[in-house]
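In the order they appear, the protein sequences are chains L and A. Positions 1 to 115 (the working numbering) are the ones given, in order, by the first sequence. Positions 1 to 112 (the working numbering) are the ones given, in order, by the second sequence.
For the record, the hints were derived by calculation from the structure and aren't laboratory data. There's no promise every hint is true.
[Said to hold, decoys possible] Straight-line C-alpha distance at most 25 Å; calculated DSS-like pairs for lysine-lysine: (1) K78(L) with K24(L); (2) K15(A) with K68(A); (3) K68(L) with K99(A); (4) K71(A) with K15(A); (5) K24(L) with K57(A); (6) K111(A) with K15(A); (7) K71(A) with K57(A); (8) K71(A) with K99(A); (9) K99(A) with K24(L); (10) K5(A) with K99(A); (11) K111(A) with K99(A); (12) K68(A) with K5(A); (13) K42(A) with K15(A); (14) K68(L) with K58(A); (15) K68(L) with K24(L); (16) K42(A) with K78(L); (17) K99(A) with K78(L); (18) K68(A) with K99(A).
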Amino acid sequence: DAGVIQSPRHEVTEMGQEVTLRCKPISGHNSLFWYRQTMMRGLELLIYFNNNVPIDDSGMPEDRFSAKMPNASFSTLKIQPSEPRDSAVYFCASSLRPERSTEAFFGQGTRLTVV
Amino acid sequence: QQQVKQSPQSLIVQKGGISIINCAYENTAFDYFPWYQQFPGKGPALLIAIRPDVSEKKEGRFTISFNKSAKQFSLHIMDSQPGDSATYFCAASMEYGNKLVFGAGTILRVKS
């Protein structure tokens with residue numbers, strides 16, 4: 001398996017523009033997580049899905065952020081409008097539940113820069 | 001509210017030495033404690049994990065020590081190598097939630 005695939009790897013956009021980050025989880029995994037990593041706040045969970053259903057979005061910072069999972073093999077994280085403080089590395093991770101092991105496999109991340 | 005506190009922020013160890021990173025948690029409902037390793041430009045990858053029914057788990061040069069009463073756990077890297085230089089994160093989650101709460105991370109540098 002190719003692992004969790006995220007695209008794009010790098011994104012530079014102007015303030016006010018819409019940004020869409022994409023994630024393809026590992027085939028067969030039924031839980032998907034979006035994390036944000038910054039120097040100031042470390043790794044923060046934004047939202048997670050189980051069987052394509054959003055379970056907990058309490059980490060989503062503002063209404064400007066939205067996430068969807070239309071099917072088991074694809075998820076998006078959208079920021080509209082984007083702001084410079086959204087600059088971070090965004091990770092997608094997937095895991096298999098309800099297995100005993102709760103290992104989450106991370107993608108390589110999308111580095112977002114909002115100028 | 002920071003639920004998992006990690007220390008130190010950075011660590012420099014000589015090759016062959018022991019690296020020790022400590023974490024403390026607050027939520028007694030946590031029952032899964034993994035350590036993740038992250039290299040620059042990569043996503044975190046699971047290194048080793050422990051559940052609170054054991055006090056120690058060893059995998060090769062990596063050992064987790066767990067103290068349930070103190071709500072603390074630590075990572076020991078024996079015979080540290082330059083290739084171990086990375087950022088290490090402790091984390092915690094509840095069994096059926098699988099929501100990982102991460103510590104702030106420790107940047108480890110192993111000098112050759």
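Checked hints:
Proposed proximity of K78(L) and K24(L) is supported: the alpha carbons are some 15 Å apart, at most 25 Å. The hinted pair formed by K15(A) and K68(A) fails the criterion: a straight-line CA distance of about 31 Å is larger than 25 Å. Our distance criterion of 25 Å between C-alpha atoms is met by K68(L) and K99(A), whose separation comes to about 18 Å. For the suggested pair K71(A) and K15(A), the alpha carbons sit about 30 Å apart, so the restraint of at most 25 Å is broken.
With a CA separation close to 32 Å, the supplied pair K24(L) and K57(A) exceeds the 25 Å bound. Among the hinted pairs, K111(A) with K15(A) is consistent with the structure: their alpha-carbon atoms are about 6 Å apart, no more than 25 Å. About 16 Å separates the Cα atoms of K71(A) and K57(A), which keeps this hinted pair within 25 Å; it holds. At most 25 Å may separate the alpha-carbon atoms for a hinted pair to count; K71(A) and K99(A) meet this at roughly 18 Å.
Taken as a hint, the K99(A) and K24(L) pair is honoured in the structure, with Cα atoms around 19 Å apart against an allowance of 25 Å. At most 25 Å may separate the alpha-carbon atoms for a hinted pair to count; K5(A) and K99(A) meet this at roughly 16 Å. Using a Cα cut-off of 25 Å, the hinted pair K111(A) and K99(A) is violated, with the two alpha carbons roughly 35 Å apart. Proximity of K68(A) to K5(A) is assessed by CA-CA distance (about 15 Å); at most 25 Å being required, the pair is judged to hold.
At most 25 Å may separate the alpha-carbon atoms for a hinted pair to count; K42(A) and K15(A) meet this at roughly 23 Å. Pair hint K68(L) plus K58(A) does not hold up; C-alpha atoms about 39 Å apart against a cutoff of 25 Å. Simply put, K68(L) and K24(L) have alpha-carbon atoms about 12 Å apart, close enough for the 25 Å limit, and the pair holds. Taking the CA atoms of K42(A) and K78(L), the gap is about 22 Å. The hint holds against a cut of 25 Å.
A C-alpha spacing of about 21 Å is found between K99(A) and K78(L), which places the hinted pair at or below 25 Å, so the restraint holds. For the given pair, K68(A) sits about 20 Å from K99(A) by alpha-carbon distance, which is consistent with the 25 Å threshold.
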